[in-house]
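The lines below spell out each chain.
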Amino acid sequence: MKSKLEKLKGTCIGIAGCGGLGSNCAMALARVGVGSLVIVDFDVVTLENLDRQYYFIDQVGQKKVLALRENIRRVNPDIDIQAHDLRLGPDGVVDIFKNCNLVIEAFDRADMKLMLIETVTERFPDKFIIAASGLAGYGNNNAMRTRRLGSLFICGDEVSEVSTELPPLAPRVAMVAAMQANQALEIVLDDLALLGDDDAWD
Amino acid sequence: MKISLNNKEESMAGESISVRELLTLMKFTFPLIIVKINGRLIKKEDYERIFIGDGDRVEAIHLMSGG
Chain L
1 MKSKLEKLKG TCIGIAGCGG LGSNCAMALA RVGVGSLVIV DFDVVTLENL
51 DRQYYFIDQV GQKKVLALRE NIRRVNPDID IQAHDLRLGP DGVVDIFKNC
101 NLVIEAFDRA DMKLMLIETV TERFPDKFII AASGLAGYGN NNAMRTRRLG
151 SLFICGDEVS EVSTELPPLA PRVAMVAAMQ ANQALEIVLD DLALLGDDDA
201 WD
Chain Y
1 MKISLNNKEE SMAGESISVR ELLTLMKFTF PLIIVKINGR LIKKEDYERI
51 FIGDGDRVEA IHLMSGG
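Chains as they are written, first to last, in our numbering: chain L, 1 to 202; chain Y, 1 to 67.
So here's chain Y without its partners, still in its complex pose:
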């Protein structure tokens, strides 16, 4: 399947992948991340049960401490 991750096309095996699996695969290692799928914010507690499929647009941004 092909997805858009942070505006870049990524090809990956399989037909779907959980948010958690995608973050691990793409080495988003920080504990706090903003994830949006097709514009919808995904809560951290839903990372295991929400799946990304072909054509989905995913945005992931690290949240850094400091202010």
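With the rest of the complex left out, here is chain L:
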């Protein structure tokens, strides 16, 4: 187990988006001892965010990346955190995540998810990316799954899109965030290989 902890300490994970997925995923990775995190978001914490995101009421109005850095450090002060307060585009993705071992997609909007997946897959063919799709509403625990397509993992139920009738709620959002963190651990600790273009569908 000691060598595994050492491995995690030497790992850098990029997290794109610090909302429900990103904030919960970052906290899980910090608790297991990942050595460095690169967190990116342009938004501020609002009262509405507290229904599912890892922030506190006294942090309303603060920049999410700064509030999240503070929360991570309250758990694990030794972790190295790079916090970027900006809106990511393709160039930013390449620049900011170039030194990360893998990238977690934790955006809200589907078009941003696609941008990140396309950019990372194209520009960093040697990096895994762990994305999320389908987490709105409640119930249906067993619909949650992870699929692998080459260097891309997708966690979620792949069907429930957020809408006014189907809001994102803490339990399912945190489930998917934890699945993403868990997948990251498996990639790092088991040295998962990038199998190239001929991966089997999981």
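Some hints could be false.
Claimed, not checked - Chain Y residues, not near chain L, derived (Cβ > 10 Å throughout):
#: 1; residue: MET1
#: 2; residue: LYS2
#: 3; residue: SER11
#: 4; residue: GLY14
#: 5; residue: THR24
#: 6; residue: ILE50
#: 7; residue: GLU59
#: 8; residue: HIS62
#: 9; residue: SER65
What the hints assert, rightly or not - DSBU-like, lysine-lysine: derived pairs with alpha carbons at most 30 Å apart:
#: 10; chain 1: Y; residue 1: LYS8; chain 2: Y; residue 2: LYS44
#: 11; chain 1: Y; residue 1: LYS27; chain 2: Y; residue 2: LYS2
#: 12; chain 1: Y; residue 1: LYS36; chain 2: L; residue 2: LYS98
#: 13; chain 1: Y; residue 1: LYS27; chain 2: Y; residue 2: LYS43
#: 14; chain 1: L; residue 1: LYS98; chain 2: L; residue 2: LYS7
#: 15; chain 1: L; residue 1: LYS63; chain 2: Y; residue 2: LYS36
#: 16; chain 1: Y; residue 1: LYS2; chain 2: L; residue 2: LYS9
#: 17; chain 1: Y; residue 1: LYS44; chain 2: L; residue 2: LYS98
#: 18; chain 1: Y; residue 1: LYS44; chain 2: L; residue 2: LYS127
#: 19; chain 1: Y; residue 1: LYS2; chain 2: Y; residue 2: LYS36
In short, the hints are calculated from the structure, not lab data. Positions of the beta carbon are idealized from the N, C-alpha and C atoms, including for glycine.
Using the hints provided, position chain Y relative to the given structure of chain L.
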């Protein structure tokens, strides 16, 4: 021709079909989809000009908003 779509074999008429035509035919109606052909990610702007042929392995996953 026969292709594999999300790990299921599908038979269809003709010798090739564009990514866009396949998505329409198979009722992948959401605007944002991850498409891979034989493991290679296909960008949305290429859906009309990239064609799928006999024996190709296609994977298509809807991208849902929420996070």
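Exercise. Which of the stated hints cannot be reconciled with the structure, identified by number in ascending sequence?
Worked result: 7, 8, 9, 15, 16
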